[in-house]
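If you want the building blocks of each chain, they are given just below.
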Amino acid sequence: MRTPGWKLLVALLLLPLAPPAGAETDDWHAVVAEARGQTVYFNAWGGDLAINHYIEWATTRLHDDYAVELRHVRVSDIAESVSRIIAERSAGRDHGGSVDLMWINGENFAALKTAGLLYGPWARQLPNARYINWEGNPSTLIDGSLETQGYELPWGTAALTFFFDKARVARKPMNPADLLNWIEQHPGRFSYPQPPSFLGSAFLKQMLLALSPDKERLYAPAGADFAALSSPLWHWLDRAHKSMWRSGRLFPRSGPAQRDLLAVGELDWMLSFNPAEASRAIRQGELHNNIGALQLDAGALANSHFLAIPYNSTATAGARVVANFFASPEAQARKADERYWGDPSVLDLASLDAQERRYFDVLDTGPATLPPAEHYLAEPHASWTTLLEQAWLNRYVR
Amino acid sequence: MMSKTIIARPAVLLLFCVSALPALAGLTAAFWVGLDPAAMSRVVATPGIGLSIASSFWTGSVATVLALLLAHLAVALAVSGNWQRRLNALILPLLAMPHLAIGIGLALVLAPSGVLLRLLSPWATGFELPPDWLIVNDPAGLSLLAGLVLKETCFLVMALGAALGQVPAARLQTLSATMGYGPLKSWLATVAPALQQQIRLPLAAVFVFGISNVEMAIPLGPDLPPTFSVLLWRWFTDPDPAIHAQAYAGTLLLFVGGIAAILAANFIGGLARKLLRASAESGARRNTEWPVRRLIAAVLASGFILGLLSIVAIGLRAFSRQWRFPALLPDHSSSDIWTDVAALSASVATTTLALAAATALLGVALVLPAAERCKQSADARRQIGAWLFLPLLLPQMTFLFGVQVLLIRMRIDGTFIAVLWSHLIFALPYLWGLLAPARAAIDPRFDQVAATLGVSPAKRWLTVTAPLLARSTLLALALAVSVSVALYLPTLFAGAGRIATAASEAAAAAGSGNLRLAAAHAILLAVIPLCIFAIAYATGSLLFRHRRGVPR
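Line order of the protein sequences matches chains A and B. Mapped onto the working numbering, the consecutive letters of the first sequence carry residue numbers 1 to 398. Mapped onto the working numbering, the consecutive letters of the second sequence carry residue numbers 399 to 950.
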């Protein structure tokens, strides 16, 4: 894992903050008892059938095992829920908020955490937190550039992957120059989701990291040198847009939109943070089976996603029980299974006992799934995201 | 001014409390929260904001003008060709279809990988891959225009049809025919201006909707930048509070823009009347009108076919997984897709139907007593109608945002009741427009005869008036259901994201560009209104198959 030294240091410094697991057992029993009969409104992106089905499975299990009623509030963008919570705060609703648990990361987490609108810290007190790969995967402790400090629980982790139609891409372009070459030889067949959508901004960061001679600089706050340091990216994009889908005058609105366009034959490429996305789509008949995958030689942008509890939730016990269930080996294995969702686990498999490991032994891997990335790139400092998005909008929205 | 006696009636007062009052309160709240010079200056500094506002007004106004023109021509052709009833039956499916469904369907028809090019490829076009044409979401907003024109033409045809009863059309036609004018010109010179006076409110509503809608602009509108209303919609759903303030300020800009546009339209309408009068007074007559008639009929027919194709396209995309160009039919279509789509829609369908049913029943229950009070005063009916219509003349986002602020203060946001209330605001004007005249049209002598027989007022209403109103009530229920099913922004603002209806799910999916998922939800949007109208008509004729003269 390649990550700037100071991040690892922070991660290690945070470790002792976690209380010993044994002392918490009694408290946890109390939490489980309090959670019985609670309804947990879980605001999570609802744009994907497989994910919705997975959450439905969890709903049944939580009802049966813990008498917790999980309600999946399907949002098109978790930002909607963030704005709701902010609106509730300004309306003085400090109890009985409309959200109990949310699927969140990056700037949405930052918005709530810096405004003090999150319940916690709670994540490291959960019984199942002991399985999480805190040390091996710093993106479980640092979200964007903000320390999570136990205010959110890692739910899944992934790396930016490029998927392509094998019939149209003869030789895998492993670096920006080769990719640009392919784009220019195949006009109208490449695109990326429109920034500032989540995946679109990720693409900008990935390309900036791949094009920058000094990556370390990107992990410190951006400054007056932003224009100079980002100029390789704009040169690359200016050229690529000329030969891209709709000549760079229109972009897919999101990752699933791009997958849709690959499925109907308008594009030869799609992007995803989930290395198993294409395999799962192939299995479900949404994509044809001649799909390949690659991660750039410079390294794949890594990204974790989390569960957080708003400050005004009245079902914090229920929310923690739900989160603990989601972090269990059984639920994490099912999530990693491409037959259901195919989102890589956040657990440290070495920490599991033989019985728990068995859940992971039966995982099925599809034809377009890459082996785990060799070379992860952590997210640049959050200030870069904001500046890149603004610069992109100023440059390409006329 | 509203006559005091009518407004004092509890039934009428209740109607106001449900509809106009919250709309005005919402507008006030929106101004209270939204007036923020700093936020306004950030709105103005947004990249592409000028283009964004321009494309809202450009698409909204051009679509309104084209739809009005086409609607007048369609009605003129139909009435003079004696197929008015057929025209009404033809537009009904497109009229009942929500904007969102037609928008998603049109995107699936017009795109380079859409149904139209698949029909022609590869045998006629030679395309093995979809061409890289910027048709849907085009910067000029042409596909958005097409969608708006398609829907609003149908709406205005209906409005014109309803106004036809108020205008002595046949007499005017005959008069000008004796002066040697063809049916088309005589219609446009004499009947159309009279009709135009009658449909000013619906036309203004069409215009405001055209400028401020997101339902059509999300699937079809431009993207870089989007129309102003879609931009506001994105700001409203942003996590950054600073951007919220921008959205609040922006809705005020939308409101002011809407008012200015209506004033400008009124002025331009005056100019158009002068031009029309000049043309009418010129005395020019055509020997043959048929080439013009053919051309207009062809335009109308192709619009209609486009509308039907988009409904078909929704079905194709919803029940397909892989659908690689240029195959016309999806590659695999297996039964588990049906179970997939059914599982996806089940809970959403329940909420959508429950909301629609509650809106329809409560709406009719609110409107009937008030209509009873106003049966003798056409003035009162018109005035109440105008007040109820007020929310349709405001950009939805502006007052709904204010309503949301009030709902949060009252702590009932995100509840079924709150969403139901917001749906009633939009269903009541249509219910009033249908039921108030229907009640007034019932011959009072039936009631008088029953009264002389000593029947109590309550029993008279149940045995005499109610059966005579049954058909209109059935239609009103169907209309309210189809209005409720189509509502997106009210559900979003009052429902706090907790109440998921077919419209909110379809809009969310279309907003993220996932047309397959959007189509799966749009199926419900398309099917519910069609079924409910079919049921209303069938029940109506079944109930009264042994009676003659029951009003339709």
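No lab work stands behind these hints: they were computed from the structure. Glycine residues also receive a C-beta, built at the ideal position from the N, C-alpha and C atoms. Wrong hints could be hidden among the right ones.
Stated by the list, open to error - A short list of chain B residues far from chain A (calculated; beta carbon distances all over 10 Å):
#1 Gly559
#2 Arg675
#3 Ala894
#4 Ser910
Stated by the list, open to error - Pairwise CB distance ranges, derived in the manner of DEER restraints:
#5 Asp64(A) - Gly713(B): 33 to 41 Å
#6 Asp65(A) - Ala752(B): 23 to 31 Å
#7 Trp430(B) - Pro187(A): 36 to 44 Å
#8 Gly223(A) - Pro435(B): 47 to 55 Å
Said to hold, decoys possible - One-sided excerpt, in silico: chain A residues whose CB lies under 8 Å from chain B:
#9 His63
#10 Ala67
#11 Arg283
#12 Ala382
Verification of the hints:
1. Gly559: At about 38 Å from chain A, Gly559(B) clears the 10 Å cut-off, so the statement holds.
2. Arg675: holds (43 Å)
3. Ala894: The assertion about Ala894(B) is violated, with a minimum of 5 Å to chain A.
4. Ser910: violated (4 Å)
5. Asp64(A) - Gly713(B): 33 to 41 Å: holds (37 Å)
6. Asp65(A) - Ala752(B): 23 to 31 Å: Roughly 30 Å apart at Cβ, these two residues keep to the hinted range, so it holds.
7. Trp430(B) - Pro187(A): 36 to 44 Å: violated (52 Å)
8. Gly223(A) - Pro435(B): 47 to 55 Å: Roughly 30 Å apart at Cβ, these two residues miss the hinted range, so it is violated.
9. His63: Nearest chain B Cβ about 15 Å off; hint violated.
10. Ala67: violated (21 Å)
11. Arg283: violated (11 Å)
12. Ala382: violated (13 Å)
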